[in-house]
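A.B. asks: Residue numbers (UniProt numbering), protein chains in the order written: chain V, 1 to 397; chain G, 1 to 397.
What the hints contain is simulated information worked out from the structure, not anything from laboratory work. It is possible that some hints are incorrect.
One copy or two, it doesn't matter: identical chains are merged, so the pair holds either way.
Below, a list of computed lysine to aspartate or glutamate pairs in the DMTMM-like style, where the Cα atoms sit at most 25 Å apart [stated by the list, open to error]:
1. K359 / E280
2. K376 / E328
3. K22 / D201
4. K306 / D184
This one's a predicted model, so the numbers in the text were calculated from it and none came from an experiment.
Protein chains: 2
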Amino acid sequence: MSAKKSSLYESLTESGAIALAKRLQLFEENSNLTCNEIGDGNLNLVFKLNDIETGEGIIIKQALPYAKVIGESYPLTLDRSRIEATALLKQGEFVPQYVPKILYTDDQLAITIMEDLSRLQIARTALIEGKDLPLLSKHIGEFLAKTLFYTSDYGLNQHSKKSLVKQFINPDLCKITEDLVFTDPFFNHDSNDYEPELGPDVERIWQDQALKLEVAKLKQKFLTKAEALLHGDLHTGSIFADDKETKVIDPEFAYFGPIGFDIGQFIANLLLNAISRDTENQEVLYTHIETTWNVFAKEFTTAWKKDALEIFTKVDGYLEHVLSEIFEEAIGFAGCEIIRRTIGLAHVADLDSIQPYEKRIVTKQIALSLGSELIKNQKNITKPEQFKEYVKQAVTL
Amino acid sequence: MSAKKSSLYESLTESGAIALAKRLQLFEENSNLTCNEIGDGNLNLVFKLNDIETGEGIIIKQALPYAKVIGESYPLTLDRSRIEATALLKQGEFVPQYVPKILYTDDQLAITIMEDLSRLQIARTALIEGKDLPLLSKHIGEFLAKTLFYTSDYGLNQHSKKSLVKQFINPDLCKITEDLVFTDPFFNHDSNDYEPELGPDVERIWQDQALKLEVAKLKQKFLTKAEALLHGDLHTGSIFADDKETKVIDPEFAYFGPIGFDIGQFIANLLLNAISRDTENQEVLYTHIETTWNVFAKEFTTAWKKDALEIFTKVDGYLEHVLSEIFEEAIGFAGCEIIRRTIGLAHVADLDSIQPYEKRIVTKQIALSLGSELIKNQKNITKPEQFKEYVKQAVTL
């Protein structure tokens with residue numbers, strides 16, 4: 001990992017953030033501003049600025065040259081700030097309604113200034129609180145279809161696509177996913193983090209050569225399949241939402257990868273929330289999963305029929321082949337995400353907040369079983385309705 | 001297509017080539033040099049310089065900012081000169097014995113100076129003349145295994161691989177392959193070029209939706225599967241050889257693509273030569289095909305076991321999966337290459353030089369049938385020995 005810390009780079013302070021906002025005339029000259037660093041992430045400073053009188057606000061995000069979670073010893077390229085801002089602008093071309101407005105970017109200082117979304121709630125938190133977020137999956141289905149189709153060789157001319165691929169070569173952030181999603185959880189690696197009671201289940205995963213062969217193939221796809229510009233980290237913690245609105249944030253992991261990865265990560269995080277609930281409250285999540293896929297497939301098909309630039313899109317059966325390959329890969333990627341969120345370095349609150357402890361352990365065992373079965377049954381699952389069956393099956397295992 | 005013609009660029013003349021060689025001290029100061037432009041390609045000037053007294057020679061290759069075959073109206077980026085030189089140097093790290101020595105490069109002038117290989121013969125010409133080139137397939141099998149393994153995520157650390165991917169983004173040259181290999185021959189396109197007697201066979205290809213669906217999938221792999229640094233144009237006209245030595249030249253189409261593409265193109269060109277011969281003289285080509293794959297698989301396996309950096313390479317069955325996927329894709333790519341060399345823009349002398357005319361037409365019909373069957377039977381061919389059967393079958397169709 002290389003952290004090319006530009007000589008012009010310095011970390012913003014709260015007063016520096018206010019000065020920058022004023023210099024850029026993002027507020028009235030004499031406005032009275034408050035500023036709070038609200039970053040709960042591991043990689044960035046996030047300042048929230050508000051005008052005390054009008055209440056209007058903006059967010060100033062600055063990438064740090066290291067990962068806070070592990071300390072300064074884990075350097076991370078500041079280039080991810082450029083990647084994130086460029087991805088937000090690119091996604092904004094296709095679905096401005098689902099990404100924050102970008103007000104200013106500075107690649108040297110690794111700063112992006114954007115719309116304040118604090119009227120909304122992080123989707124993970126809302127789902128943990130039992131909220132329905134009724135439009136979440138419809139919006140994300142459309143976000144996925146449009147951002148992925150129009151950056152793929154189906155919907156973008158192949159010359160422009162290759163220039164974009166070059167702009168979004170993102171080795172440092174991809175490496176995090178390669179290690180933490182696709183590798184470490186499947187081997188006895190220091191970065192793993194799980195309760196001792198899960199030991200036998202974890203050991204079973206590490207011994208399961210058939211499972212690991214499928215993970216190897218999925219990792220290879222993540223490494224080599226430059227199909228479309230992915231968000232790259234599309235879990236429910238990267239989404240702001242309420243009953244009416246949805247905004248996808250934090251695409252610093254963006255790169256050209258397999259379409260199924262974004263879909264699989266999102267579905268996996270819905271499943272993780274589902275299994276954290278009592279059975280009678282899970283249905284809304286399964287409906288979200290079905291809607292995500294159905295809206296994705298419908299919108300992708302519409303774009304394919306209306307805007308495809310690739311002449312082979314007219315060939316009988318090609319669309320069906322592409323959609324079924326995407327679905328199959330999404331299932332496998334979802335399985336990897338569920339496993340790594342249970343025993344890998346980065347957990348999810350959906351599972352970790354389960355009380356009492358015994359119930360948490362049982363739920364995590366279900367998660368591991370579900371993740372493994374999804375990975376091993378990619379070819380047997382052909383409809384989004386089947387995810388529910390696999391959860392039921394995992395509960396009884 | 002963009003041809004960024006640098007302000008420093010100018011085409012070399014024969015006297016300019018001599019002056020350059022002297023300035024670079026590639027010959028003794030007072031040596032008496034001859035210089036001939038010997039380029040028979042469509043895209044470059046190629047000067048052969050020789051010292052009259054010692055006989056020693058060098059090649060100065062300069063990319064032209066347009067494709068000569070179609071005239072100045074088809075501009076081509078000079079960046080392909082950088083791509084070619086960088087690819088030759090990279091391949092030279094793994095198999096110096098199979099690529100020409102590079103003496104000098106100038107990206108601005110799009111010039112590469114390299115070892116003169118005129119002691120050898122272009123493999124296509126030698127094969128058309130009925131020569132055996134006994135070591136050709138052993139050498140190419142090793143060339144393929146080493147250049148592809150050590151530039152893939154299996155044998156190269158994933159950070160370096162991504163930097164290489166970026167260096168080898170090659171939109172203009174990839175576009176030629178995308179159009180001329182994977183698209184135009186399968187549709188009624190102006191660039192196609194075939195004898196009127198082939199009309200019904202060509203029409204049958206254009207109507208064959210099952211065939212075109214497979215070609216669509218192969219084209220998608222060419223567009224998206226960034227598996228290893230390909231040569232990108234590995235036909236028998238890109239190889240110099242004699243009974244003892246083999247040198248692969250002209251990697252200006254190099255980019256990160258599916259490993260099976262290089263293998264498939266080479267095998268296709270051996271098959272095109274085979275079907276141009278009488279049955280009793282074909283065996284040597286089938287042996288070359290088997291040797292190519294067997295040496296490739298053996299050397300790839302050796303490198304995998306010795307030098308793999310990817311931890312999943314230790315997982316049971318992964319190597320076998322990777323090899324069988326490469327083989328399957330190679331068959332499909334070989335089928336596309338055979339069809340496009342028969343009815344597309346760029347033909348091969350193996351077919352075009354067949355006399356009399358009627359025999360040429362029959363052979364081209366066999367080629368079209370063979371190409372189609374390979375594409376449709378990718379999953380049914382599991383051993384290189386089976387290519388021979390498919391030729392026999394194509395002859396009787």
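A.B. asks: Under a CA distance limit of 25 Å, which applies to K376 and E328: within one copy, between copies, both, or neither?
C.D. replies: both (11 Å within a copy, 23 Å between copies)
A.B. asks: Between the shortest in-copy and the shortest cross-copy C-alpha distance, which are at most 25 Å for K306 and D184: within, between, both, or neither?
C.D. replies: Between. Shortest inter-copy distance 22 Å satisfies the 25 Å Cα cut-off; intra-copy 42 Å does not.
A.B. asks: With identical chains treated as interchangeable, where does the CA-CA distance between K22 and D201 reach 25 Å or less: within a copy, between copies, both, or neither?
C.D. replies: Neither: 55 Å inside a copy, 71 Å across copies.
A.B. asks: Tell me, please, which holds for K359 and E280 at an alpha-carbon limit of 25 Å: within, between, both or neither?
C.D. replies: Result: close within a single copy only, 16 Å intra versus 75 Å inter.
When held up to the earlier numbered hints, the structure conflicts with hint 3 and nothing else.
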